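*Asks:* Position chains B, C and D relative to chain A; hints supplied.
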Amino acid sequence: MIKERLSEEVIAMRAAKEFQDGNYINLGIGVPNLCALFVSEDKTVFFESENGVLGYGPVLLEDEFENVDIRFVDAGGRFFWPKGGMSFFDMDISFDMIRGGRLDISVMGAYQVSQNGDLANYRRPNDASIGIGGSMDLAVGAKRVIVAMEHTTRDGQPRILTECTYPLTARECVDLVVTDCAVIKVTQEGLVLKEIAPGWTAGEVQEITEAKLIISEDLKEIEL
Amino acid sequence: MIKERLSEEVIAMRAAKEFQDGNYINLGIGVPNLCALFVSEDKTVFFESENGVLGYGPVLLEDEFENVDIRFVDAGGRFFWPKGGMSFFDMDISFDMIRGGRLDISVMGAYQVSQNGDLANYRRPNDASIGIGGSMDLAVGAKRVIVAMEHTTRDGQPRILTECTYPLTARECVDLVVTDCAVIKVTQEGLVLKEIAPGWTAGEVQEITEAKLIISEDLKEIEL
Amino acid sequence: KVWNSFDEVISDIPDGTSVCMYFWGFPGSPQNLIRALKNNGAKDITLIIENYIPTPLPPEMFVGPNLLAPQIKKLITPYYVSSARLSSMGMPMEDQSSAEQFEVEPISHGLLMARLRAGAGGLGGFYSPVGVGTILEEGKEKRIINGKEYILEMPLRPEFGFVRAHKADKYGNLTYLGVGRGSNPIMAMASEVTIAEVDEIVEPGELDPEAIVTPAAFVDRIVQIPPGSPGGHQHLTEQVKEILKIEWFRTPFLATKKQEAS
Amino acid sequence: KVWNSFDEVISDIPDGTSVCMYFWGFPGSPQNLIRALKNNGAKDITLIIENYIPTPLPPEMFVGPNLLAPQIKKLITPYYVSSARLSSMGMPMEDQSSAEQFEVEPISHGLLMARLRAGAGGLGGFYSPVGVGTILEEGKEKRIINGKEYILEMPLRPEFGFVRAHKADKYGNLTYLGVGRGSNPIMAMASEVTIAEVDEIVEPGELDPEAIVTPAAFVDRIVQIPPGSPGGHQHLTEQVKEILKIEWFRTPFLATKKQEAS
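Protein chains in written order, with my numbering: chain A, 1 to 224; chain B, 225 to 448; chain C, 449 to 710; chain D, 711 to 972.
In case anyone wonders, no lab produced these hints; they're calculated from the structure.
Wrong hints could be hidden among the right ones.
Stated by the list, open to error - For lysine-lysine, the following DSS-like pairs were computed, each having C-alpha atoms within a straight-line distance of at most 30 Å: (1) B:409 / D:858; (2) A:143 / D:877; (3) A:212 / C:615; (4) A:83 / D:955; (5) A:185 / C:615; (6) C:596 / D:858; (7) B:307 / C:588; (8) C:596 / D:880; (9) D:880 / C:590; (10) D:858 / B:436; (11) B:267 / C:615; (12) A:43 / D:711; (13) C:596 / B:367; (14) B:241 / C:449; (15) D:951 / A:43; (16) B:307 / D:877; (17) C:588 / A:143; (18) D:852 / C:590; (19) D:877 / A:83; (20) A:83 / C:449; (21) D:850 / C:588; (22) D:858 / C:588; (23) C:590 / A:143; (24) A:43 / D:877; (25) B:307 / D:711; (26) C:588 / B:267; (27) B:367 / D:852; (28) B:367 / D:711; (29) D:711 / A:143; (30) C:596 / A:83; (31) B:307 / D:852; (32) D:858 / C:590; (33) D:880 / A:143; (34) B:267 / C:521; (35) B:367 / D:858; (36) C:615 / B:307; (37) C:615 / D:955.
Unchecked claim - Residues from chain D that face chain B, not an exhaustive set, calculated with beta carbons under 8 Å: (38) 750; (39) 752; (40) 777.
Model, not experiment: these values are computed from the prediction.
By construction, the Cβ of each residue, glycine as well, lies at the ideal position given by its N, Cα and C atoms.
In isolation and in its complexed conformation, chain A is listed as follows (with noise of 0.2 Å):
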């Protein structure tokens, strides 16, 4: 039986309630970007690009590409709305800030996670293209790292692993693994299930998972 998958945008709002109120925060490209359409609103936090901008504000929608500002792009190329209180910075003082520790969470996608925590998110095998990017610095530096994923690939093999296969991008770096059916925390021990999605039981989501999950003894619906 099949079982229904959450949406891109269910997985980042799941992603989202990890932010606490003050936090620094990357998003990378595609379902960690739509994590800034689901702040609860009684929460300030402040985004970081890596190209060297904190603060900005939302990102422009299709029906507002008038407002074009060509001072106002993010990494991932978006256009975004200023904010009161942004400030822009050399690039090298962006990676001081993403390598020394000052952001709180990196949100970030990936191809394979590791039972401890390594990530494979930059390159496919074969891939003559290179997309290192910042995600070895954001991995690296960043005090948390949340992968926010589909949990298998389009032809249904697991992502979540013994052991990457794909080139990695840093070792024993991310703390929990939000998907389309699951919450999952990395721990000392091991991967531990925290939360499953409406429909699923535990036994579903290891099934499709590679790695062994210990079942959280406060296992539970996902909670938005």
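*Replies:* Using the frame of chain A, we list chains B, C and D on its own:
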């Protein structure tokens, strides 16, 4: 016979003759600072101070002290006039500028200089004080290091030596030494006596110099 | 320091040199210096660039690093996509594979910044926590410091830095606009010869000394982009509005409407 | 991030901690945080400071690092003069030798900057060309890289950074005034907990995003100096004019008239 020594002002004038149009220059405390008063009017030079300012104006004279502004102080603690085109920056950038070779000239005082261009200028032996400051950085980083100093100590001991006996600031860094009786160039072959003060002979300069001097073929009187 | 022609300001660039520049989409890349380097024809260049992303746009609208592809011997970049790949993804562009035959040295954005910084400051090298356990450690020395593993990384000191700034004064002090700052300042600091193209050259004293980002000592040559011409802020802003009318560009660069989560 | 009291903002500083601060004469030193640390009484502090130069001035006029002398265990500084030395040179001040019994680790200004920078950016160490052949190489590893000798230097990551800025917005973005910038920005970046005292706290949006020097992510706590009170820009400016009426201070800090060279 005691020959007349040049005044501090004349030493500074001679050192300032080395400045080329467009040069970026750092001046040390004491005689080097006086060089700023003697830049020829057909040249534009830019003074840099370690505490993070480039292109500042003249130092305030004593009768101008009502104009003191604590935004405008050089590394020696002297107040200066602001000047168009000046900039303020983080000291971290200031020392990248210095160490990265972006300064054309550093003029420094010294206790001792050796025949291979070693410099000792931050501490007398047995002195509890430590005055390294930015001297080691400037000595290593500036494209040219000019030492402006008295030729001998107050009690007549030579300062230009076979080897420095005071703690070193940096090895093989000095390019030119301007004293109160001579101008000496540091070369691969040794110290070359290029100019002497009015009334002095090369032999008389050698007498108060421990290191062996090579007499330049075009030895001449100091020109200002 | 003020030059009048982009072709002349880089006329001394030899074959086999190294050039660094910022490229990250529309803001902050040295459009006119890229064009001039194409005209110049210098070969066997080591190009150190933030992103190598080919653009299919007409050069009078916007040029990307792919304009220089035949002149590049080696690329040092954190982000490389070939024209063939973009073409296969549906971007309306020529496959430049025959030109894109250069060696690619991978790096991360942060490492590129740190290596340029080490070059700018005359350091001999540094120990990086980034890249441990990845392809970036291949062939490099590793070392445990205080129980943590690091990789020895070497400074980068490009022979030429092509910089895009907003304003310059005649001494060479620079300011930038928004994210067009990017890595332009560190590239200015790290390069042996730094050449800046700017929207406007003003008299010394017109820039706020507290707001100057790159002090003049790091800048060797400046050229003003003729007002209204390609690569200038105004022109580029107009071009981008045109470019965003093309479906292929609009989709990734503008967010779609907020969808209500189910 | 906004605190109302200097005593409270540092009340969690423990004995044995490390604190960095800028001190280079009148501009840019955290006068009120120094006073608060004195009140706090924390002991065995490693003080990382640009210059340790005692001041004989009454604390309500201007305080120097000597106010903290009895609390210091170790000093890391490029410039150290003891009160005894200044006293022997004729400066009208008490000999504080009994308090100035701390260990002094020498460093250069540039090395201090580079070590803080390495700390700020999470590097494991770096190779420095500065200090080779000097006391700074004692006990340190050396290495030849491309034929040049370097010393391995370690990052500095102070537990607390006391920063003096001009304006802050409520998020913690900072601007500075003139040479009062000094090493304040790099100290803000390098410290685990960065505390800034400022002349004015404004609403987010009031500072020009292009002119912010220290982005908010590097700043943990901010306190406004009450208008007109000691350590503030206006107060300090007035004090300096008084101080310069004292012969001992005027001579070194103001140039004498230009003398005609003979």
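*Asks:* All hints, please: hold or fail.
*Replies:* Results for each hint:
no. : hint          : verdict
1   : B:409 / D:858 : holds, 23 Å
2   : A:143 / D:877 : holds, 28 Å
3   : A:212 / C:615 : violated, 58 Å
4   : A:83 / D:955  : violated, 47 Å
5   : A:185 / C:615 : violated, 49 Å
6   : C:596 / D:858 : holds, 27 Å
7   : B:307 / C:588 : violated, 48 Å
8   : C:596 / D:880 : violated, 36 Å
9   : D:880 / C:590 : violated, 42 Å
10  : D:858 / B:436 : holds, 28 Å
11  : B:267 / C:615 : holds, 25 Å
12  : A:43 / D:711  : holds, 15 Å
13  : C:596 / B:367 : violated, 37 Å
14  : B:241 / C:449 : holds, 22 Å
15  : D:951 / A:43  : violated, 47 Å
16  : B:307 / D:877 : holds, 23 Å
17  : C:588 / A:143 : holds, 27 Å
18  : D:852 / C:590 : holds, 16 Å
19  : D:877 / A:83  : holds, 18 Å
20  : A:83 / C:449  : violated, 37 Å
21  : D:850 / C:588 : holds, 22 Å
22  : D:858 / C:588 : holds, 19 Å
23  : C:590 / A:143 : holds, 24 Å
24  : A:43 / D:877  : holds, 25 Å
25  : B:307 / D:711 : violated, 37 Å
26  : C:588 / B:267 : violated, 48 Å
27  : B:367 / D:852 : holds, 24 Å
28  : B:367 / D:711 : violated, 45 Å
29  : D:711 / A:143 : holds, 19 Å
30  : C:596 / A:83  : violated, 39 Å
31  : B:307 / D:852 : violated, 43 Å
32  : D:858 / C:590 : holds, 21 Å
33  : D:880 / A:143 : holds, 23 Å
34  : B:267 / C:521 : violated, 42 Å
35  : B:367 / D:858 : holds, 16 Å
36  : C:615 / B:307 : holds, 18 Å
37  : C:615 / D:955 : violated, 42 Å
38  : 750           : violated, 27 Å
39  : 752           : violated, 25 Å
40  : 777           : violated, 19 Å
Taken one by one, the earlier hints fail for this structure at numbers 3, 4, 5, 7, 8, 9, 13, 15, 20, 25, 26, 28, 30, 31, 34, 37, 38, 39 and 40, listed in ascending order.
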